[in-house]
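Enquirer: So the chains spell out like this:
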Amino acid sequence: MKSRQAIDVGGHSRYWAGQLVLLVPAFLYLWLGVDSRLLYRGFGTVLADVPVFSSGWLFLRQSLGMPGGLVVYLSGYLSQWYHHAWAGALIVTLAALLVAVLVERHFTYASLPRTPALVCLPAICVLLLVAQYRHPLGACLTVSLGLLFSLAFERLPWHRASLRLPLYCLLVVVGYALVGAGGVFVFAIMTAIYSLFVRRRWWPSVFVIVASVVLIRGLSEYVYLLPFRTALRVATPFSADLTAGMKMSSRMLLATLYAFVPVAVAVMLVGKMAWTRKETRRAGKTRDKKGEPRSRALVFGRRGVALLLPVLVLAVGLALAYDGPRKDAVQINACARQQQWSRLLELARDLPKGKANIACNHDINRALYHTGRLPYEMFSFPQNPHALLLTRERRPSSLTQLQLCELFTELGNLNTAEKMAGELLATDGNLALVLEKLAWIQIIKGQAETARVYLNVLLKDPIYGNTAREMLNGLDRGFAPQRAAWIERIRSCVPTDPYGVTYGGSVEQILTGLLEQNPRNRMAFEYLMASYLLTRQLDKVIANLDRLADFDYEGMPTYFEEALLIWRTMRHEPIDPAALGISLATYKRYQSFLQISRSLQSGNQQATLNRLVREFGSSYFFYYGFGRVGVAARGAAGPRPLARAE
Amino acid sequence: MSYARRANQFVVVAGMCSLVAALSFGLVSCAPETVEAYTEVARDPDVRPDFFGTVIPANIAPLNFQVLEPGQAYLVNIHAGTGKPIAVASKTGAVRIPLKQWRALLAANRGQTISVDVFVKEAGGGWKKFQSLTNTVAAEDVDDVLVFRLMKPIYNWWKSIGIYQRRLADYRTSVVLHGRSFGEGCLNCHSFVGNEPETLTIGLRSAEYGSSTLLAQGNTVEKIDSKWGYTAWHPSGKLAVYSLSKVRQFFHRGGPQVRDVVDLDSALACYMVERREVVCPPQFSDKDRLETYPTWSPDGKYLYFCSGPILWEDRDTVPPKNYEKLKYDLCRVSYDVATDTWGPVETVLSAEQTGLSILLPRVSPDGRFLLFCMCQYGCFPIYQPSSDLYLMDLTAGTYRKLAINSNYSESWHSWSSNSRWIAFSSKRQGGLFTRTFLSYVDETGTAHKPVIVPQEDPCYYDALLETHSTPELVKGEVKAGRAALARTARSAATIVAEAPISGATPKAKPIESWQERE
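Going line by line, the protein sequences match chains A and B.
Heads up: the first sequence begins at 15 in this note's numbering, then just goes up one per residue.
Heads up: the second sequence begins at 4 in this note's numbering, then just goes up one per residue.
Just chain A, with the same shape it has in the complex (with noise of 0.2 Å):
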């Protein structure tokens, strides 16, 4: 009994072992290098996730009046602390730890191996995720919720069936409210197995999974008032709220996080009864033969492999699962949000140049206007003209409603940006970054008591709360005079005539109207310029020269230099850098442009393409003789391939 009791202690000495050689490498990469503050900001704009908390009874009674919503509120709860990041990835690693240990509970229930790498395939899936930027902690919960059940139900004293069913259908119900149709379907199933596989009596199995479809179907008609096919869908895999904007990697992967447990216990339960078969009809014709003793040094070795596989495992699955440019996105998502604009175009400057992504270079120029270089460096990065006023989506996605709704703040739009704010307001829920735009719009208009209503359920949000506290002091007391500034500057540019209908879908109209509300709009001015640039439409550029007065530039930005040359040029019109306010720079730079393309015609035409890259890539006579961005990568020396947007 001793070394039996012996034997246990080291196995779970071992199995501890094992979680820890995984979770505490699992917790620093999520800490330094996935960075959950990234997921945070990215909530509700590149991550369709919206988790949504908010302090209180009322929010709590709302989530428990939902099926599964014990789990809604509970990673609604967690996913705040993403804000800071080594919360973030705590929080993720003791899911991941909590998965992982229901796993091996359940194996251990069934008597199975508990192999570290299977045991932990759930918890890799859970970091898996999290490293590809999505946000699988809901699913997590449910699932461990739905093995918790299950284990609970098959350690009850209780083996008649008269009370153990009636007892499950009681689980099924709670169960349904607590976590949804994800959790009630793992605990079913798992139900299932051990009914079928370990008490061998195949009618509880049958009974469990109808029972639990039966209560679904009425808890769906009768309690949440839902179409049966939605209630079905609930908190599981087939729900479009889990999946959406997911690739069919992360989808395979939360697959694997809700059918893995079933899947392999079902599995392994099988085989083990076929071998012990085997077995036994072999003992019968064969005398057991003795194993040979293992050297000591075997052991270990094996017990060292099996405690470095998981991570071997996940090393191979991150490298494999490693998205690039949805990192790039998170990022420069996350910066825009946080209006670091220095540091959003350090990020910038680093981005593969041969793509671009329109969310991506909508919040680039953005940066670019904010540090004063629109006109100056926006052909440094890849270019689409989709880009400036988010265009091309027909019905805008999240994201793009949160950028334009920033965007036409900033411009002066403001009906449209409280448009476009209501609407994911609307959709998406109570999405904090969404209530302050909100607030801000409302205080600019000048509703103070509107905006109060918006800033008293931020003051509920853990995180937005002090900000919320912020601005209503503001609203009492006034505000700073940096951010008062902020809010005249916007007044004055946001249309008066109420009878006005909002501008037509193209940009020219909407910057165009807001010139004329207000001529010293500079934004407008600048996007409008660069609207003109994008479409090469260099009448129109010149045209608007003249608007130049009224604002402060020192001497023409860049680029209209070098539209007023092109444009010079190609009516034939003699050129006078003085007269028309050109830098001498600029003029002698396209002149050497001219030379360098004129030799295009002759000679190796590849190497004097790459040699105007590197010289004029940056340059609009580039992007206006080309229709493309051709930039080098920042200290690159040779010339890299020609961008173009997605």
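Quick caveat, the hints were computed from the structure, so don't treat them as lab data.
Just so you know, not all the hints are guaranteed correct.
Calculated cross-link-like contacts (lysine-lysine; reagent style DSBU-like; alpha-carbon spacing at most 30 Å) [stated by the list, open to error]:
#, chain 1, residue 1, chain 2, residue 2
1, B, K162, A, K474
2, B, K226, A, K261
3, B, K94, A, K474
4, B, K290, B, K226
Given chain A, put chain B in place with the hints provided.
Expert: Chain B alone, transformed into the frame defined by chain A:
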């Protein structure tokens, strides 16, 4: 489990119970029922919501409020000529009045005045008493239930819209039908026969289940295969007149109101319940005019509605030309239910006379008054800050603007069955969020200061992002079960009642599924 461990657990549980009991006793005993020594402050206390200085129904839920005066502790004494006074102590200023005592006090003081004394304990320990707040308890009750729509302010897209019912005597609120029951669909224009909750229609629109109308009569719910707009049931319940509209939403670039709505074309149709067919009498389906907002006189002899000229040729452009010049007249047409005959159209009040667009007429159940709203232009008062409530005395033919209006939109009013109360929507709290207010209308047609529908949490409205719109007062809870309504909303239509194609049929292109209005 060992006995020692069980004993420990017992000790812990007993200790916690004692602590809770002691704390409760302490809190209760700390709260004084009266304050003997205080200094008087010669002004009203700052409270929110402002429930006082008006007439309230005897069957209203406790008017819980928040005292906004700074202080260490608060005591509120509610007393009247008869009945036991109520004392409410609070540490935070939130005053939650006990339901039973409140009901008893109000019931004992119908037609009398109740007073509310607010005492605030200052930092120094002394108490101050503000001027008493008073209310008159009306002799007439308000109807028991308010049916309303709850949703966030929506533009093009939405997710969660529901029709709810609220018992006004307490705070119990339950869902009648929610959009999530039929694929996050939209639902609106709930309408009853008079103030009776037996018969109800609700217009539905869903990408998954199509557009339709639910018709609930008692516990029976049926689905009509077309969506009804604003609906008015004849008092006999034999027919319902509803609007058919080609509605478009658009947005303003400037001004306080972002959203606006225009009916490019509209007409009224009539559903005959027994025959299960739709007719379009030419009186209110003129091809050159826009007819909308039907309502019946309580005797069922007149159908009132609003009618405006179509000012545009192009019925595709949104908004159409001159949309801001469109003004509706108030018209009526007589009807004989015995012979099913309609009389000629009479103009009751023209936009030319008022200079404003006349919308949403509702006749009081006693037939004495006609309550309507007027705004600068168009057909959708909730999006018009200029919209105000007006009352017409149908016996004298005169009308006047009510004193209960604000600088923001007032609209969507409903009479109580005894004609003494109105519930209406107002955006007076900031201009964006619609809230429901109740106002007492006396025999002379004077509407008294409105009060917001009270909530259990006095700060409920301070952090409510949803709008309470289209309030309808009814005598009891909706008879049809919510499960039956939800199930029928997902089922196939059982009543096929297509509107006959006539010259009056709206000619504008069908609306896109996302077009919606509040």
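Enquirer: Next, verify each hint and record whether it holds.
Expert: Going down the list of hints, with the structure as the test:
At roughly 22 Å between alpha-carbon atoms, B/K162 and A/K474 fall within 30 Å of each other, so this suggested pair holds. A hinted pair counts as satisfied when its Cα atoms are at most 30 Å apart, and B/K226 with A/K261 does not qualify at roughly 40 Å. About 21 Å separates the Cα atoms of B/K94 and A/K474, which keeps this hinted pair within 30 Å; it holds. A threshold of 30 Å between alpha carbons decides the hint, and for B/K290 with B/K226 the separation of about 29 Å falls inside it, so the pair holds.
Of the numbered hints stated above, the single one contradicted by the structure is hint 2.
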